[in-house]
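Go by the hints and put chains B and C onto chain A.
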Amino acid sequence: MGGVGEERRSLPPTSNDPVGLNAYLILAALVFSVGLAGVLTRRNAIGILLGIELMLNAVNINLAAFSRFGGDLTGVVFALFTIAITVAEMGVGLALVIAIFRARRTVEADRLDLLKG
Amino acid sequence: MAAQDLRDALVVLALPFAAFLLLGVVRPLRRRGRLAGIVSIVAVAAALVVAVRLELFGAGSDAVGLWPWLPGDGGPMASVGAVVDVLSRKMLVLVTLVSLLVQIYSLGYLHEESAPGLGRYFAYHALFAFSMLGLVLSPSFLQMFIFWELVGLCSYLLIGYYYDRPSAARAAVKAFWITRLGDLGFVAGIVMLWAATGTFDFAPLFAMAKEGTIPFEGFGLVMFLIYLGAVGKSAQFPLHVWLPDAMEGPTPVSALIHAATMVTAGVFMVTRAYPLFVAAPDVLWLIGTVGAFTALLAATMACVENDIKRVLAYSTVSQLSFMMAAIGSGVPRAGFLHLLTHGLFKALLFLGAGAVIHAVGTNDIFRMGRLFRALPGTGTVFLVGTLALAGIPPLPGFFSKEAILTGVWESGRTGVFAVLALTAFLTAFYMFRVMFVAFFGRAHAPYEHAHDAPPSMAVPLWVLAGLTVLAGLRLAMGGGEEHAPPWLLALSLALAVAGFVLAWAAYQAGVVSASALASTFPLSLVDSLARRRYFLDALYAGLYRGVMLGFSRLIGWIDRYLVDGLLNFLSACTLRGGDLLRGIQSGRAQDYLYGVAFGLLALVVWAQLWLRRP
Amino acid sequence: MTLAVAAFWAVAAVLLASSLAVILTPNLFHSVLFLALALAATACVFLMLESPLLFGVQLLLYGLGAVVFAVFAIMLTERLVGQRITQASRWIVNGLIVGAGVAAAVLGFLAGRPAPPAAAPPADAVAGVARALTGPFALPFELLAVLLVAALLGAVYFARAEE
Chain A
101 MGGVGEERRS LPPTSNDPVG LNAYLILAAL VFSVGLAGVL TRRNAIGILL
151 GIELMLNAVN INLAAFSRFG GDLTGVVFAL FTIAITVAEM GVGLALVIAI
201 FRARRTVEAD RLDLLKG
Chain B
268 MAAQDLRDAL VVLALPFAAF LLLGVVRPLR RRGRLAGIVS IVAVAAALVV
318 AVRLELFGAG SDAVGLWPWL PGDGGPMASV GAVVDVLSRK MLVLVTLVSL
368 LVQIYSLGYL HEESAPGLGR YFAYHALFAF SMLGLVLSPS FLQMFIFWEL
418 VGLCSYLLIG YYYDRPSAAR AAVKAFWITR LGDLGFVAGI VMLWAATGTF
468 DFAPLFAMAK EGTIPFEGFG LVMFLIYLGA VGKSAQFPLH VWLPDAMEGP
518 TPVSALIHAA TMVTAGVFMV TRAYPLFVAA PDVLWLIGTV GAFTALLAAT
568 MACVENDIKR VLAYSTVSQL SFMMAAIGSG VPRAGFLHLL THGLFKALLF
618 LGAGAVIHAV GTNDIFRMGR LFRALPGTGT VFLVGTLALA GIPPLPGFFS
668 KEAILTGVWE SGRTGVFAVL ALTAFLTAFY MFRVMFVAFF GRAHAPYEHA
718 HDAPPSMAVP LWVLAGLTVL AGLRLAMGGG EEHAPPWLLA LSLALAVAGF
768 VLAWAAYQAG VVSASALAST FPLSLVDSLA RRRYFLDALY AGLYRGVMLG
818 FSRLIGWIDR YLVDGLLNFL SACTLRGGDL LRGIQSGRAQ DYLYGVAFGL
868 LALVVWAQLW LRRP
Chain C
433 MTLAVAAFWA VAAVLLASSL AVILTPNLFH SVLFLALALA ATACVFLMLE
483 SPLLFGVQLL LYGLGAVVFA VFAIMLTERL VGQRITQASR WIVNGLIVGA
533 GVAAAVLGFL AGRPAPPAAA PPADAVAGVA RALTGPFALP FELLAVLLVA
583 ALLGAVYFAR AEE
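Chains as they are written, first to last, in my numbering: chain A, 101 to 217; chain B, 268 to 881; chain C, 433 to 595.
Isolated chain A, as found in the complex (with noise of 0.2 Å):
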């Protein structure tokens, strides 16, 4: 591990990076907590889906930056990835809602408790 480390010192010590890895980090950590307090209080599911948005949000920050700062290109792609995604999740959830409001006339999270033990 010591290697790892004498490797790390020897690089170039930053590239006009303005803040540092670690304030990014700080800002996908409180946006996907911001997220997710939104999926744990809104009781509109639509508001629920826009919570999910702001969690996949930081989730792609932290993957920007890691590539940024590591160097390498996967995390773009992988960031690249996920937004596809997201947006794909984004358009079956919003077509779900509406299913699931046209059969129970609500989009509240609280009344869709069929699962109820």
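For the record, the hints were derived by calculation from the structure and aren't laboratory data.
If you're wondering where the values come from, they're calculated on a predicted model, not measured in any experiment.
Keep in mind that a hint or two might mislead.
[As the list claims (entries may be wrong)] Sample of chain C residues at the chain B side, in silico, Cβ under 7 Å:
(1) V530
(2) V534
(3) A535
(4) A537
(5) F541
Ideal placement from N, C-alpha and C gives every residue a C-beta, glycine not left out.
Chains B and C only, in chain A's frame:
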């Protein structure tokens, strides 16, 4: 010649068994009813012929055939075979004779039965004949026990022949269980005897008794246990209660099994093993005492019974006890003689009673009356049986009973002698009571359709009556070998006559009022006790209800409240726990997401605390 | 503090504020608009991370596409129910506490851990991504296409009117 005897004995044994196999396996034959009866009758008749030839023209010497059965270290552990001696030869004739006559009689008596029922009946009869013959031929305790149980099974099956009648089914079970109680002792005794001596066979055991190896330590207990088997089978006090109830079976069955043959198995066994019982004087004393006591007890019950078959049943108990008392007093020959003669005339009496019941359709003697006019034939043979049982010379009952009394007197057991003498008096009394009430006296109902028995029933009756008279005459001729004191002969006769006179006075002439007699002290006490069967049936019922059912209820309570309670408690815990946990399952997706969030939190905290470590 | 740093914190502030607004505004429609703002701010973050490709994709696909979806959905459901849908919250304190807990835990995870030294940003990013997508990530890329088709069909299936 001895080998020839042995072969004959085995043929006698095999014939009824072949009949039973044929009836048991070939279903169409069994379901033909009368044909099945004829098969069985032919087999038993052939067996009778062979048995008579063996008795009259056999070598006369004892023969024993033994074949190894259970292998063991150093010779067979148990063997099977046959023993031909004076006891078994006479028993073979008696069993086959009574079996044959009863089966012929049954053809007439049960003519209204359905064909399959009749086939079943005769199959049981053939099995019974085989079992009883096997029992008397047994050369060892083990083989005897096997056949002993087989006759018990036949008894159960035949008592319960009318299995759709609840009282018959109950009586069958009662007989089975009570005799099983005695058999428990029997089998325990046999095993203990084997453990001590290493053999089941009679011959080596008798040799040991002769040379003094027996009695060993604890021999008295062993013989007592073996005697218990006889107590159950031969209806000795206190296990005699099953025999009167066994009268629920068809009357021919009562005649064959519960009078002439099976119930004498106990007496026969004690006679057979007499050399061993001699070595245990305490047990012998007990046999005599219990015998005398049961004889008197059963006689008093016979005096107050109104059911003609039950009178005969109590009489059977009483006479069996006579035999037991004789053996217990050291005169097994007299007991065995009484066994033979009793077998003849008690079968006659039962079959006669069956003919009466057949004719009038009731068992109650007080609903009969003046039957002698309607049924002269039946009345005559019944009279012969009554005279024989009451002990009027020259009929055989007189001689065998007198032989017993002589033997008991000479053995010096005065108490037993006195009780037996009193019993002899009572025997005459209750038999003539039946005779006077049922056959003479006043008619209680018109019997237009009462008629004498059909030939198939009448012939066995007349044959038995004739044989009874013949046996009596033969005993009268050869009576010289008994050297009874003259006063004893006179006493026997006097007792019989006194019984007759009292019965005549009370029930025929009306000189003495029977009810007044019964209400004078101390007879009133005996009367009321006897009418209640000395509370023995009630005692057993009470024991059953109190102890057995109480125990069952206790077990039931434990099962219901402790075992089930524990399980119910566990299941209630599970249910309650499930109800509690069920609250978690709200069915709302976001509540589950809280779980995910907490999981994430825990994961991060765990990673913080543990992955940080160097 | 350089201009770049100031810009970052400004964008971060906008992103956080609009995120909070997404989950707190009572009006669902406003929520969607704030989400659009948050997505745009994220696009700016991508730009700062020297990934113009992601910036473009985020703005075009996400910031416009997804938001248009959401607006459609809201308007459709409102039309079906015939009344305005309000965006109420349930147990908002609980949700905020759990969210704050997760944030604190993750931040605690980051705290005291020095950031690894940054590498040089990958050169020629767009061409690199293109090469990666047609090279090592070709199979996932194709699968993604299948997924999109499936999602499209699924969305049509779920949202179609009952016969």
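Status of each hint after checking the structure:
Because the beta carbon of V530(C) sits about 5 Å from the nearest beta carbon in chain B, less than 7 Å, this interface hint is met. Restraint check, V534(C) versus chain B: the minimum CB separation of about 6 Å is within 7 Å; hint holds. At about 10 Å, the closest approach between the beta carbon of A535(C) and any beta carbon in chain B exceeds 7 Å, and the interface hint on this residue is violated. Restraint check, A537(C) versus chain B: the minimum CB separation of about 4 Å is within 7 Å; hint holds.
Of the supplied interface hints, the one on F541(C) holds, with its beta-carbon coming within about 6 Å of a beta-carbon of chain B, less than 7 Å.
Hint 3 from the earlier list is the only one contradicted by this structure; the remaining hints agree with it.
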